[in-house]
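A.B. asks: Sequence:
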Amino acid sequence: MTPLKLLVDTNVWMDYFLVRQEPHREAAELVSLAFGSEDVALYVASLSLKDLSYLLESVFRRDARVVTGEVSPQAAAAARETSWGCVRAVVDKALIVPVGHAEVLQAFSLRQTHDDFEDDLLLGCAYRADVDYVVTGDATLGRRSPVPCISALRAVELIKGRRGATE
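First residue of the sequence shown: 1, per full-length UniProt numbering; consecutive thereafter.
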């Protein structure tokens, strides 16, 4: 059976790492089912890695500020180190799809349909990697995308369904 190819959007990776958010369970199950399997390949756009680093460090710094009223040098260092560790975990679990000239041109060609440059770059990566689905929590992207978009929960259902069909 050909592997199911899933490009995972930044928001799903954020759900995976931020355990306190409700969608975490589905994101965690998706990564767990896919990691190390031969029937599912996870992909991540290179632009998502820099977004994850920035966003996660910001969340961790904000959390420190809420608890102590400030961000100490130690808390800042811990936030930075933790965000690096999260990015490393993604790199260990997913294939990186680079954003280059072709993906930028693809994004421009999608402007009339979607008009969100960041999402359109992601779709350019989806075309480049020839994925089956983009896994996202972004409902607007899902409605307007020419590439099929599904939620993490739906991705989990697809994986389980495919595995059940082959047993």
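It is worth saying that the hints were derived from the structure and are not from the lab.
Note that the coordinates shown come from a computational prediction; the quantities given were computed from them, not determined experimentally.
Positions of the beta carbon are idealized from the N, C-alpha and C atoms, including for glycine.
Incorrect hints may have been included.
Said to hold, decoys possible - With a straight-line cut-off of 25 Å between C-alpha atoms, the simulated SDA-like cross-links for lysine to any residue are:
hint	residue 1	residue 2
1	Lys50	Thr2
2	Lys93	Gly69
3	Lys160	Glu81
4	Lys50	Met1
5	Lys5	Glu81
6	Lys93	Val147
7	Lys50	Arg163
8	Lys93	Phe108
9	Lys5	Ala64
Unchecked claim - What follows is a set of in silico ranges between Cβ atoms, one per label pair, in the way DEER data are often shown:
hint	residue 1	residue 2	range
10	Glu70	Phe117	46 to 54 Å
11	Thr140	Val59	33 to 41 Å
12	Pro146	Glu22	27 to 35 Å
13	Glu38	Glu70	31 to 39 Å
14	Asp39	Pro98	36 to 44 Å
15	Gln74	Arg25	27 to 35 Å
16	Gly100	Gln74	37 to 45 Å
17	Arg65	Asp92	40 to 48 Å
18	Arg62	Arg163	19 to 27 Å
19	Pro146	Thr68	33 to 41 Å
20	Gln74	Lys5	25 to 33 Å
21	Gly85	Lys5	32 to 40 Å
A.B. asks: Hints first: check each against the structure and report whether it holds.
C.D. replies: Verification of the hints:
no., hint, in the structure
1, Lys50 to Thr2, "violated (30 Å)"
2, Lys93 to Gly69, "violated (35 Å)"
3, Lys160 to Glu81, "violated (34 Å)"
4, Lys50 to Met1, "violated (33 Å)"
5, Lys5 to Glu81, "violated (30 Å)"
6, Lys93 to Val147, "holds (22 Å)"
7, Lys50 to Arg163, "violated (33 Å)"
8, Lys93 to Phe108, "violated (29 Å)"
9, Lys5 to Ala64, "violated (37 Å)"
10, Glu70 to Phe117: 46 to 54 Å, "violated (35 Å)"
11, Thr140 to Val59: 33 to 41 Å, "violated (22 Å)"
12, Pro146 to Glu22: 27 to 35 Å, "holds (29 Å)"
13, Glu38 to Glu70: 31 to 39 Å, "violated (48 Å)"
14, Asp39 to Pro98: 36 to 44 Å, "violated (25 Å)"
15, Gln74 to Arg25: 27 to 35 Å, "holds (31 Å)"
16, Gly100 to Gln74: 37 to 45 Å, "holds (39 Å)"
17, Arg65 to Asp92: 40 to 48 Å, "violated (30 Å)"
18, Arg62 to Arg163: 19 to 27 Å, "violated (39 Å)"
19, Pro146 to Thr68: 33 to 41 Å, "violated (47 Å)"
20, Gln74 to Lys5: 25 to 33 Å, "violated (41 Å)"
21, Gly85 to Lys5: 32 to 40 Å, "violated (26 Å)"
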